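Chains as they are written, first to last, in the UniProt record's numbering: chain A, 1 to 526; chain B, 1 to 147.
Hints in this document: simulated from the structure, not taken from any laboratory. Possibly wrong hints are sitting among the right ones.
Unchecked claim - Partial pick of chain B residues on the chain A-facing surface, computed with a CB cut under 7 Å:
(1) Ala71
(2) Arg101
(3) Val105
(4) Leu135
Since the structure is predicted, the reported quantities are computational estimates derived from the model, not experimental observations. All residues carry an ideal CB built from backbone N, CA and C; glycine is no exception.
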Amino acid sequence: MLGRTLREVSVALKQGQITPTELCQECLSLIKKTKFLNAYITVSEEVALKQAEESEERYKKGHSLGELDGIPVAVKDNFSTTGIKTTCASNMLKGYVPPYNATVVQKLLDQGALLMGKTNLDEFAMGSGSTDGVFGPVKNPWSYSKQYREKKKQKPHGENEDTNWLITGGSSGGSAAAVSAFTCFAALGSDTGGSTRNPAALCGVVGLKPTYGLVSRHGLIPLVNSMDVPGILTRCVDDAATVLGVLAGHDCKDSTTVQDPVKSFILPSLTDVSKLCIGIPKEYLVPELSSEVQSLWSKAAKLFESEGAKVIEVSLPHTSYSIVCYHVLCTSEVASNMARFDGLEYGHRCDINVSTEAMYAATRREGFNDVVRGRILSGNFFLLKENYENYFIKAQKVRRLIANDFVNVFNSGVDVLLTPTTLSEAVPYVEFIKEDNRTRSAQGDIFTQAVNMAGLPAVSVPMALSNQGLPIGLQFIGRAFCDQQLLTVAKWFEKQVQFPIIQLQEIMGDCSSVFENDLASVSLKQ
Amino acid sequence: MWARAARRVLRAPGGGGRGFASKAGGGGVSAGGEAAPQERGRVPGDVIEHLERLALVDFGSREAVARLEKAVAFADRLRAVDTDGVQPMESVLEDRCLYLRPDNVVEGNCAEELLQNAHRVMEEYFVAPPGNITLPKLDEQELFSKS
Chain A
1 MLGRTLREVS VALKQGQITP TELCQECLSL IKKTKFLNAY ITVSEEVALK
51 QAEESEERYK KGHSLGELDG IPVAVKDNFS TTGIKTTCAS NMLKGYVPPY
101 NATVVQKLLD QGALLMGKTN LDEFAMGSGS TDGVFGPVKN PWSYSKQYRE
151 KKKQKPHGEN EDTNWLITGG SSGGSAAAVS AFTCFAALGS DTGGSTRNPA
201 ALCGVVGLKP TYGLVSRHGL IPLVNSMDVP GILTRCVDDA ATVLGVLAGH
251 DCKDSTTVQD PVKSFILPSL TDVSKLCIGI PKEYLVPELS SEVQSLWSKA
301 AKLFESEGAK VIEVSLPHTS YSIVCYHVLC TSEVASNMAR FDGLEYGHRC
351 DINVSTEAMY AATRREGFND VVRGRILSGN FFLLKENYEN YFIKAQKVRR
401 LIANDFVNVF NSGVDVLLTP TTLSEAVPYV EFIKEDNRTR SAQGDIFTQA
451 VNMAGLPAVS VPMALSNQGL PIGLQFIGRA FCDQQLLTVA KWFEKQVQFP
501 IIQLQEIMGD CSSVFENDLA SVSLKQ
Chain B
1 MWARAARRVL RAPGGGGRGF ASKAGGGGVS AGGEAAPQER GRVPGDVIEH
51 LERLALVDFG SREAVARLEK AVAFADRLRA VDTDGVQPME SVLEDRCLYL
101 RPDNVVEGNC AEELLQNAHR VMEEYFVAPP GNITLPKLDE QELFSKS
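Turn these sequences into a full structure, and let the hints steer you where they fit.
Spelled out as C-alpha cells, the structure:
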C-alpha cells in the first residue's frame with residue numbers, strides 16, 4: 001500500500017481496503033526502520049494516530065473530507081505546527097513549540113491528512129545539501145537502493161559500511177527523503193532558491209514550486225520574503241496537483257497571496273502535444289553540467305519534438321548574473337529576517353544579563369551556526385549605507401532584468417521551459433563537504449534560483465537513472481499562475497519516461513510484504 | 001529544425017561563446033570571457049566591527065572574515081551588468097495591490113500561550129536585561145581570539 005500514489009490510496013481508503021489507522025501504523029513502522037536516513041527531526045506518533053482514529057470515524061460514516069483524508073504527510077521543520085516543536089534545525093529554536101499552525105499545515109489538517117512528523121533540513125533552510133542542520137545530515141535513500149548498489153558492486157565485506165552515503169540535496173532534504181522512502185505520500189518543503197526542486201531531483205521524486213503568491217507563507221519561518229514559496233514533494237505529478245489544489249488560495253493572513261479565484265488543478269491527460277511550444281534556454285548549458293544530465297536534457301527535448309511539439313532554443317541573457325543577484329538579495333533579506341531571533345520572546349536565550357545588546361549578541365552567537373551567521377553578516381554588509389546603492393539596489397535592478405528575460409521568452413510564444421534541475425546526480429557526503437556552504441549553494445541552485453527571482457512556477461520531474469543508478473530530474477518552468485498548464489506538461493512527460501521505482505527491499509527486511517502486490521500494480525495510470 | 005539547433009547547442013563544448021562560470025570559490029572565473037578577476041579587497045577592521053554591532057552576530061574567526069570577503073568579491077560581478085534606466089524590483093507582485101485586512105479584531109487574547117515560549121517572564125512581561133548599554137568596543141586581537 002505504501003508504494004501506491006496518493007490518489008490510489010485515497011480510493012483504497014474509501015473502499016475500505018485499508019483503514020487510516022493501519023496506514024498510519026505502516027508508515028510509522030517504516031519511519032522507524034528508516035531512522036538511519038535521519039529524514040525526520042520529530043515523529044509525531046501520538047498526533048498521527050489520533051488523527052487516524054478521527055479519519056477512520058469519518059470513513060465509517062461515509063463523511064470523508066476529500067482526497068487527503070487519512071493520508072500520511074510530512075512537513076518540513078520550518079513550518080509552524082501547534083504543539084509540535086519546530087526547530088528549523090537550529091539551536092536558536094530548539095525546544096520552540098509554536099502556538100499556531102502554518103496556514104498550509106492547517107489546510108492539510110482540515111482535509112484530514114495525518115501529520116507523521118517534521119522533517120530535517122539545512123539550518124534555517126540555508127543550504128543545498130541538507131547537511132548543515134544541528135540534527136545532522138539527511139541520507140539519500142537511493143544510497144541504499146538496489147539500483148545504486150548493483151552498479152557500485154559493493155565489496156562483500158564492505159556491505160555494512162555506511163561511509164559513502166549520498167546527500168539528498170537541500171534544503172528540503174528530509175521531506176524528499178521521507179517521500180522517496182515511502183514513509184509518507186506527500187511532504188511540504190520550502191523553496192527559496194530551489195530548496196524543493198533540488199532534493200526532489202536528487203531523490204527521484206516530484207518537487208513543485210508554485211507561483212509566488214499562490215500559496216500562503218503564513219507560518220513558514222521566512223528566509224527571503226520576496227522569494228519564499230511552500231513547496232510540494234510527492235511521488236507523482238498528479239499527487240502534487242492534488243496537494244496544490246488544497247493549498248492554493250488567498251490567505252488573509254498573508255497579504256502577498258493573490259486574491260484571484262483559485263482555478264482547478266485537476267490535470268487533463270494530454271495526448272496531443274503538437275500545440276505546445278517548449279523553450280530550451282541556451283545559457284543553461286554550462287561547462288559544469290555533467291554529460292549525463294546534458295544528454296538526458298537533450299533526449300527530453302527530442303522526445304517532445306518527436307511527438308509533435310515545437311521545440312526552440314531561447315535566450316535568457318542575464319542568466320550568468322542570476323546566481324550573483326540571488327546571493328545579494330538573499331543574504332540581505334536574511335539579515336533582516338534573522339533579526340527577530342534575540343532570545344527574548346522565544347527560542348534560545350543565553351545566560352548573560354549585563355545588557356540587552358550583550359544578551360542578544362551572545363544568544364545569536366550560540367544559536368546560529370556559521371552558515372547563518374555568515375549570511376547575516378554578508379547581508380548586513382550589502383545593506384550598509386555606503387554599499388546599499390551598489391549592491392542591494394543594483395541587485396534589485398538586475399532582478400528586474402532577469403524577470404523580464406522570462407517575460408520576453410514567454411511572450412514570444414513559449415509555453416514551458418525545459419532545463420536541468422541540478423548539475424549532476426547526488427554526490428557522496430564526503431565529497432560534498434569539501435567545499436563550503438556558499439560554494440555548494442551557488443552550484444546547487446544554479447538552475448533553480450532564477451525562477452524564484454521571477455516568481456514563476458517550476459517543477460522537477462525525475463526522468464531516468466544515471467549510469468550509477470541514481471535519479472536525474474529535469475525542470476519545467478511555466479508562466480506565472482499557469483501552474484495547471486505546467487503540471488499538465490509535466491504529467492505527460494512523466495508518463496513518457498516511466499521513471500523506475502526505487503528498490504529498497506534489501507534494507508527494509510521484512511517490510512517487503514508492504515510492497516508485495518503493489519509493485520506490480522503501481523502504475524502511473526491517471 | 002530544432003534537432004539540428006539542439007545538436008549544435010547541446011553538444012558544443014562550452015556552449016558557444018557564453019560560457020558561464022559557476023564556480024564561486026574566491027571569485028574565480030573560468031575561461032569564459034568574463035571580466036578580469038575583481039580585486040579581493042580586504043574588508044577594513046572598522047567595517048567588521050560595525051557589522052558585528054549592527055548584526056549583533058560576531059565573525060568569530062579569521063575564516064569568517066575571509067568568507068565575507070569572498071562573498072563580496074562574488075557580489076562584485078554585478079558591476080558588469082548595465083542597469084541604466086532600470087527600476088529596482090522589490091516584488092514580483094508589484095503590479096498588484098497588497099491586500100489589507102479590515103481593521104476588526106477577530107483573534108488574539110492569547111498572552112498566556114505566547115509567554116510560554118519565553119525563558120524569562122514576569123506576570124505578563126518579557127524580562128529583558130537593561131538597555132542603553134552599548135557593547136564594549138573590541139580591538140582586532142579580541143575579534144579573532146573568540147572561538
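task = Enumerate the violated hints, using their earlier numbering and listing them in ascending order.
result = 3
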